[in-house]
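K.L.:
These are the residues of each chain, in order.
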Amino acid sequence: MAELSQEDQLRLHEFSVRYRAALAKKYPAPENSLDTVKDAVREQYEQEMDAKRSPTIEPPSPTPEREPDEPEP
Amino acid sequence: MDDLIKLVRTYRLTAGLAERIRLAEEICRMIQPDLRYFVFSSVPPQVAEDVMQEILKAVATGMKKFEGGTTKEFWAWCYSIARHKLNDHYREKAADRMQPMPPDDLWQIMELSAQDTPMSPATRHDLEYALKLLTASKPECNELLWRHYVTGLDYAEIAEERDLNYDTIRMKIGRCLDEAKSLVS
Numbered sequence: 530m531a532e533l534s535q536e537d538q539l540r541l542h543e544f545s546v547r548y549r550a551a552l553a554k555k556y557p558a559p560e561n562s563l564d565t566v567k568d569a570v571r572e573q574y575e576q577e578m579d580a581k582r583s584p585t586i587e588p589p590s591p592t593p594e595r596e597p598d599e600p601e602p
Numbered sequence: 110m111d112d113l114i115k116l117v118r119t120y121r122l123t124a125g126l127a128e129r130i131r132l133a134e135e136i137c138r139m140i141q142p143d144l145r146y147f148v149f150s151s152v153p154p155q156v157a158e159d160v161m162q163e164i165l166k167a168v169a170t171g172m173k174k175f176e177g178g179t180t181k182e183f184w185a186w187c188y189s190i191a192r193h194k195l196n197d198h199y200r201e202k203a204a205d206r207m208q209p210m211p212p213d214d215l216w217q218i219m220e221l222s223a224q225d226t227p228m229s230p231a232t233r234h235d236l237e238y239a240l241k242l243l244t245a246s247k248p249e250c251n252e253l254l255w256r257h258y259v260t261g262l263d264y265a266e267i268a269e270e271r272d273l274n275y276d277t278i279r280m281k282i283g284r285c286l287d288e289a290k291s292l293v294s
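Protein chains in written order, with the working numbering: chain A, 530 to 602; chain B, 110 to 294.
Don't read these hints as lab results, they were simulated from the structure.
The reader is advised that the hints may include incorrect statements.
Pairs of lysine-lysine residues, derived as BS3-like cross-links and limited to a Cα-Cα distance of at most 30 angstroms, are as follows [said to hold, decoys possible]:
no. : chain 1 : residue 1 : chain 2 : residue 2
1   : B       : 174       : A       : 554
2   : B       : 241       : A       : 555
3   : B       : 174       : A       : 581
4   : B       : 181       : A       : 567
Modelling step: build the complete structure from the supplied sequences, incorporating the hints.
P.N.:
Right under this line is the structure:
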């Protein structure tokens, strides 16, 4: 199986470095690219606060049926 | 300790909303360039921006549960999220998997890099040779060589991406390289 010569490795490395720089130039991150991240963090925070404010209500534990009171003498 | 992991640790301990937003923004600004490269070299640009948003949101909202303690672990975790989001996207729209770009189009993109770092004739020659190596074989080989040598994924990551084992991928890439070299020389 082929091994890359050091020269070819350097060529491919240079290619990937330049391709990366070129892509960043062609498709720069939009100014507002982090707005949705901030919204998601805010939403997650609000959900946490809601969960703290209204802890889940435990269903009442089943109690044995009460025996009817004895009639008073 | 690296700044990135310091910020992540601080984020995990932060209760206030304003501080969380500030930290999430700072962390995302630091990881965004590398993840953008990964995503934009995996799916076409018209969908890459949406996938990128999904990844950053998942990182930001998942950080409270991230259990690692080093920058390396954090990056591995971010890339794992990115790969999952890309796989989700492929399942929905199989046609969006990156189609091989014609060498001439690739070269036009490469020319953009010369605006900041001029290309000497020798560099140009080397880059043309690299481009031939990456595009000379059949499409499946070109894609594997591209993922390994340009996107920078190691054998294990490509194996996970394609649901194949490590040795299968290592052998395939070796054979593809053989083929490419024989076609280029």
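K.L.:
Looking back at the numbered hints, which does the structure fail to meet, lowest number first?
P.N.:
Hint 1 is the one this structure does not satisfy, whereas the remaining hints hold.
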